[in-house]
Amino acid sequence: MSLSGLSGASLSAVKAGRFVSILKSLIWIAAFLLVVELIVVALGIRPYYLPRPSAIAAAFLATPQAYLLSMWRTLLETIIGFVAGSLFGVAMGVLFHRWTILRELFFPLFVVSQTIPVIAFGAVVVLWFGNTLFAKAVIAFYISFLPVTVNALLGFATVDPRQVALMRSFGAKEGQILRRLYLPAALPQIFVALKLASSLSLIGAIVGEWFGDTTGLGVLLLQAMYNENVVGIWVTIVASACLGIGLYGAVSEAERRIVFWGAEQ
Amino acid sequence: MSTVAASSNARRIGRGFAGAFLLAAIWELSVRGFNLPTYVLPSVSSILAGMVADAGKLAAAARFTAAEALTGYLLGCVIGIAAAVGVSMVPRTRSAVMSVATAINSVPVVAYSPLVLLWLGIGMTSKIVMVAVAVSFTVFLSTVAGLDRVDRKSIDLVRSFGAGRMAVLWRLRLPTALPLIIAGMRVSTVRSVIVAIVTEMLGAYGGLGWVIYQAVLQIDFVQVWAAIIVASAISLCFFGVISFIEQRYIFWR
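From first to last, the protein sequence lines are chains Y and P.
FYI, in my numbering the residues of the first sequence are 18 to 282.
FYI, in my numbering the residues of the second sequence are 363 to 615.
Just so you know, these hints were derived from the structure itself, not from any lab.
From the three backbone atoms N, C-alpha and C, an ideal C-beta is built for every residue, glycine too.
Be aware that a few hints might be false.
Label pairs and their calculated CB-CB ranges [unchecked claim]: (1) P:A415 / Y:V276: 51 to 57 Å; (2) Y:Q180 / P:L579: 53 to 59 Å; (3) P:A415 / Y:Y243: 29 to 35 Å; (4) P:R521 / Y:L119: 49 to 55 Å; (5) Y:Q180 / P:A421: 50 to 56 Å; (6) P:V414 / Y:T232: 39 to 45 Å; (7) P:A415 / Y:E245: 37 to 43 Å; (8) P:L579 / Y:A108: 34 to 40 Å; (9) Y:A174 / P:I484: 45 to 51 Å; (10) Y:F277 / P:L482: 43 to 49 Å.
Away from chain P, derived, C-beta distances all over 10 Å, residues of chain Y [to be verified]: (11) F77; (12) P81; (13) Q180; (14) E272; (15) R274.
Per the computed footprint, the stretches of chain Y lying under chain P, defined by three or more beta-carbons under 8 Å from a beta-carbon of chain P, are [what the hints assert, rightly or not]: (16) 44–52; (17) 123–134; (18) 141–155.
Could you build the full structure based on these sequences and the hints that come with them?
Here it is in structure tokens:
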């Protein structure tokens with residue numbers, strides 16, 4: 018009883034600590050923006066090189082609808098690609114772990130596939146799947162699955178073979194061993210990769226939109242570049258950052274809830 | 363012991379090549395079997411023929427891109443490591459620098475490309491700067507993580523022998539951090555080539571990204587694939603060199 022009360026108290030202390038640290042970062046970022054604003058005004062830097070942060074905020078508030086719609090579209094592409102990439106990444110990890118021959122034949126190709134600049138591949142993907150949301154999701158998928166596979170394999174390798182033998186001796190089936198032993202053991206590693214994959218799939222979605230589309234953050238970036246609208250580029254950069262931070266935060270939160278034992282390791 | 367390791371290594375490499383050949387064979391056969399048009403998927407043999415035919419152009423483009431990627435990479439590594447060392451030497455700046463760095467790093471790096479192109483023009487400078495930005499953040503974050511790994515007690519011990527700040531950094535912090543630093547550098551190799559190519563596609567006078575962009579406009583997909591293969595070969599070489607250095611010199615991992 019007293020123990021649970023104690024852990025509850027320390028838990029809320031941890032939460033408060035997290036809140037304070039987030040608040041601190043926000044204060045630092047606000048201070049940084051203020052300094053930038055002052056420097057731009059004081060030195061008279063032209064907006065072409067660096068617009069004032071307040072001008073960037075004003076540009077967003079002038080046409081919030083366009084930016085929000087684009088963020089939503091890019092978010093959809095990113096999430097579809099990210100979820101597909103994560104599932105495929107884990108599945109490949111399982112296959113490669115189970116059958117060494119598959120790993121030796123195809124894992125090097127997986128690694129090589131990641132050295133292909135995604136933007137070059139993008140032209141081909143858009144040709145295959147048309148100029149659709151799906152094509153962008155495929156690009157996001159393509160650039161996000163490998164880290165998940167690599168870390169799933171790393172995580173599987175940490176499992177003690179004696180534990181596998183023990184479960185077998187109690188008559189556990191392959192599927193049960195996978196679900197009860199391998200996946201929980203690999204989850205901390207897998208989540209490390211998922212955090213990386215979330216930002217990679219956002220890059221994939223943005224780059225995918227460069228091959229022609231009507232909405233999306235990538236489109237806004239290109240349009241602003243062709244119009245030499247530096248303020249517009251900055252608004253889009255900030256919007257991409259918000260998406261990136263949001264996705265990263267969502268995956269971290271899921272990690273805290275799902276891998277509650279992660280802190281022990 | 364070492365011969366066993368060598369033979370298993372040889373087997374792994376052999377299997378890797380077998381996998382590559384298997385993929386190439388399936389690719390070639392399905393292109394021929396289903397009679398796929400070139401714009402959907404050109405056959406491996408036609409891509410290889412295209413690479414031979416355009417060898418001069420591809421080699422020039424590859425040199426261009428490799429020069430951009432390598433210069434940006436070296437700059438980025440130096441900046442990233444120097445910044446991380448600076449932050450760890452002056453702990454008071456740490457929370458400010460880390461917050462701002464995390465914020466800047468949370469932007470997908472390609473989103474900076476249009477801005478940098480507008481600022482620096484479409485010559486080589488803009489690509490070098492983009493690569494340096496992408497590389498320096500990765501190296502910075504992994505160096506900070508590495509420098510943090512040093513045990514407080516080890517520092518106190520070395521200090522008690524009369525070591526100054528620089529000695530602690532040189533003798534203790536950097537060697538402890540080196541495995542993570544070089545891991546960050548290894549990851550950055552592939553990224554540097556990709557970022558150079560991505561930025562070239564938005565505007566350039568030469569390079570593989572420019573070749574790919576031109577080929578897409580001319581619907582010449584054999585050349586697109588040829589350039590993709592050359593780009594991937596450059597990344598692999600680069601990655602291989604850094605991995606080799608890592609295995610050779612970071613023996614205390």
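Run through the hints listed earlier and report the numbers of any the structure violates, in increasing order. Hint check: nothing fails, all pass.
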